[in-house]
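Below, each chain spelled out in residue letters.
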Amino acid sequence: MATIELINVEKKFGPSYAVKPMNMTIHSGEFVVLLGPSGCGKTTTLRMISGLEAVTDGQILFDGKDVTWLHPSDRDIAFVFQFFALYSHMTARENIAFPLQAQGEPRDSIRKRVEEVAKMLRIEHLMNARPGGLSGGDQQRVALARALVRRPAAFLMDEPLGALDAEFRESMRAEIKRLHIEQNATTVYVTHDQIEAMAMGDRVVVMSAAVVQQNGTPAEVYHDPANLFVAKFIGSPGMNLIQGHYADGRVALPGDNRYDVPADWHTTIHEAIGRDGDIILGFRPEAAHISASGPIATTVYTTDLHGSYTMLHLEIDRDTIVDVRAGRGTNYPIGTPARFDLDPAMVRFFDPKTEMAIRKGGNP
Amino acid sequence: MSSYSHPARRRHLGDKRLIQMFIIPTVVLLILMNVFPLIYSLYLSFTEYSAINPTPPKWVGLDNYKKVLSDNLYWHNFAVTGRYALISVSLQMIVGFGLAMLLKEKFKGSGLLTTLILVPMMLSPAVVGAFWKNIFNPSFGIFDQFLGYSDPNTAPEWLGDPDLALWAVVIVDVWMWSPFVMLLSLAGLSAIPDYLYEAAAIDRASAWFQFRRITLPQVMPLLLIAVLFRTIEAFKQFDLVMGLTGGGPSLLQGTQAVNVTETVSVKLFRLAMPPQAQTGLSSAMAYVVLIIIIAISNLYIRALNKVREG
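First to last, the sequence lines map onto chains A and B. Each residue of the first sequence is one higher than the one before, counting from 1300 in the working numbering. Each residue of the second sequence is one higher than the one before, counting from 109 in the working numbering.
If you're looking for bench data, these hints aren't it; they were derived computationally from the structure. Built from N, CA and C at the ideal position, the CB exists for glycine as well. Please note that a few of the clues may not be correct.
Unchecked claim - With the Cβ distance kept under 8 angstroms, some of the chain B side facing chain A (calculated, not the full set):
1. 303
2. 304
3. 306
4. 309
5. 311
6. 312
7. 317
8. 322
9. 325
10. 326
To be verified - With a straight-line cut-off of 20 angstroms between C-alpha atoms, the simulated DMTMM-like cross-links for lysine to aspartate or glutamate are:
11. B/175 <-> B/156
12. A/1659 <-> A/1481
13. B/214 <-> A/1547
14. A/1476 <-> A/1393
15. B/414 <-> A/1393
16. A/1659 <-> A/1523
As the list claims (entries may be wrong) - Part of the chain A face toward chain B, derived, beta carbon under 8 angstroms:
17. 1316
18. 1367
19. 1369
20. 1372
21. 1376
22. 1377
23. 1378
24. 1384
25. 1388
26. 1398
27. 1401
28. 1402
This is chain A alone, in the form it adopts within the complex (with noise of 0.2 angstroms):
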């Protein structure tokens, strides 16, 4: 299994960039998730470490070697395509058996290393099908099969459950986490899907026009989001970021109201833009609880209920509204007053200057 390692690694077409020089270390046996909505650089950084396309600077190593100019097929690499690639004329069997055909493997040897895999993904039944014939997970499952024969150093994934319907997407995540687990290969997963990412992913690159926007495990982008961008773009619903004035321990918020900023927040706060200034207040639905003492005073705008809790729509203004996570057992009626209180170990500060997250210790 491989370590690959992009080293200012950058894609221009004509004057423009898909993907800014970008550095990334992904380890041997590591599931990289490249996140990012569309056109945000993240296939084109797959298909860069993949060979299908070429970087316009920088280096990429596997393991060590410099494979920057070599050829996809000397990469020791396999590719699972969203639209999964196969060869329409022929059928399962000769679909996986190809990449060994093409290295001349024995037909002995092939015969039984394909047989091992359909088994791993079970689909032998399947095997003598078009994949005209099979359904989206069954032709991808072929896929997945053809990618694994060959034992390669690292898997690149392509969005691979995203021409599936939403059935086979759920199981097919287990079945690419359970091959990860069991293969331990180093895997690279493109998705614009970020509960795919958060699901899948033992670390998530964020891209957003064409630039990394954060690198860290899904709870480290989840949590401590690097910037506005990732606050938004990571859970559904995204962070609830309030504009608000700092002064002295306490941040303004639209409608007169006023939090208390946690103590162990203040030095840092005041390295970042002094004890007077624009700030935005940032907290995750589940980090605000109902409370009738709570400091931020707001009425229920609208509410959904989602079986095992409620989200609460509640508005502060008439242009701020925060989503808040609610038990499903109390009513919330639309129109009545509602107060809420924050989880001081969950409140984050973002510097609306810089968009950037004000953070203990500073940025990393």
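Once you have looked at the hints, place chain B on chain A.
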């Protein structure tokens, strides 16, 4: 439903009437122009009859077919046609597919080049025949010049030499119809999605392996269609031969003189038209050709279905 007023209904034609009115003229025309001649010629093929003779058709059973199928003279025409079709279609497939592989990648001017290559296909075979007759002329034609023969006395006489004449027709047919194969191949090649080659590159397939396992099978249906069209056309070959050689030159084969480029269609034409005007015999020959073409087409269509379904 009952609110429809009857007068309104009467003024308009019903769907069924309308359909009949459009279809009946076509069907009548088809019966008069196609079905009747087909059946009538089938009848004539079992008779002794000459269209320019007032004697009515005389039933002779299978005599005409026996003659066509057993007489060496006719067998020669089938052999010429078969050899011609095999050589010509094979060369067209190789040249056409080769050109398509070269033109597959877009480059500056590739569109114009493609169009120019297609020009021969758009010419009338009669014109092509007339032109190439001059091109093949050993004294002033450019073909021999290109081959390096400057002396007309030693230059090969393409249309007059019994060993070369069929090849001359093949060369013109290949020149004229390879572009058609190229066009179909190009359509097939450009329909192969790029991601298949990307997947193959990832799967470590060599260029040759990709060509053999992806390109060829993917264009095979269109290649088969090209083969089918070109074979049927080759079996009907008439106009180019008439324009170039008129079926000649003659060659003494045993005790019989045979025309080396006389295809079945040319022979048919000679038999059916005055002065010979052997209507019954030529009908029988035409039916033999028809059956051969249907048989070949069926083989190809079967192959095509096999390729499609696997």
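### Task
Verify the interface restraint on residue 1316 of chain A: the C-beta must sit less than 8 angstroms from at least one C-beta of chain B.
violated, 23 angstroms
### Task
Take the C-alpha atoms of residue 175 of chain B and residue 156 of chain B, compute the straight-line distance between them, and say whether it is at most 20 angstroms.
holds, 12 angstroms
#### Entry: Interface restraint verdict for residue 1377 of chain A against chain B (beta-carbon cut-off 8 angstroms)
holds, 6 angstroms
### Query
Can we keep the residue 304 of chain B interface hint, with Cβ of chain A closer than 8 angstroms?
Holds. Min distance 6 angstroms.
### Message
Please check whether residue 1402 of chain A passes as an interface residue: C-beta within 8 angstroms of a C-beta belonging to chain B.
### Response
holds, 6 angstroms
### Query
For the hint on residue 325 of chain B, does the least C-beta distance to chain A fall short of 8 angstroms?
With Cβ-Cβ at 4 angstroms, under 8 angstroms, it holds.
### Task
Take a quick look at whether residue 1476 of chain A and residue 1393 of chain A sit within 20 angstroms of each other, Cα to Cα.
At roughly 25 angstroms apart (the allowed maximum being 20 angstroms), residue 1393 of chain A and residue 1476 of chain A break the hint.
### Message
Would the hint on residue 306 of chain B be counted as holding, given a Cβ-Cβ threshold of 8 angstroms to chain A?
### Response
holds, 5 angstroms
### Task
Compare the distance between the alpha carbons of residue 414 of chain B and residue 1393 of chain A with 20 angstroms, and conclude whether the hinted pair is satisfied.
holds, 17 angstroms
### Message
The hint names residue 326 of chain B as touching chain A; please verify it with the least Cβ-Cβ distance against 8 angstroms.
### Response
holds, 6 angstroms
### Task
With chain B as the partner, please determine if residue 1398 of chain A meets the hint condition of a C-beta pair closer than 8 angstroms.
Holds: closest Cβ of chain B sits about 4 angstroms from residue 1398 of chain A, inside 8 angstroms.
### Task
So, residue 322 of chain B near chain A? Judge it on the closest CB pair being under 8 angstroms.
holds, 6 angstroms
Violated hints, in rising order: 12, 13, 14, 17, 18 and 19; the structure is consistent with all others.
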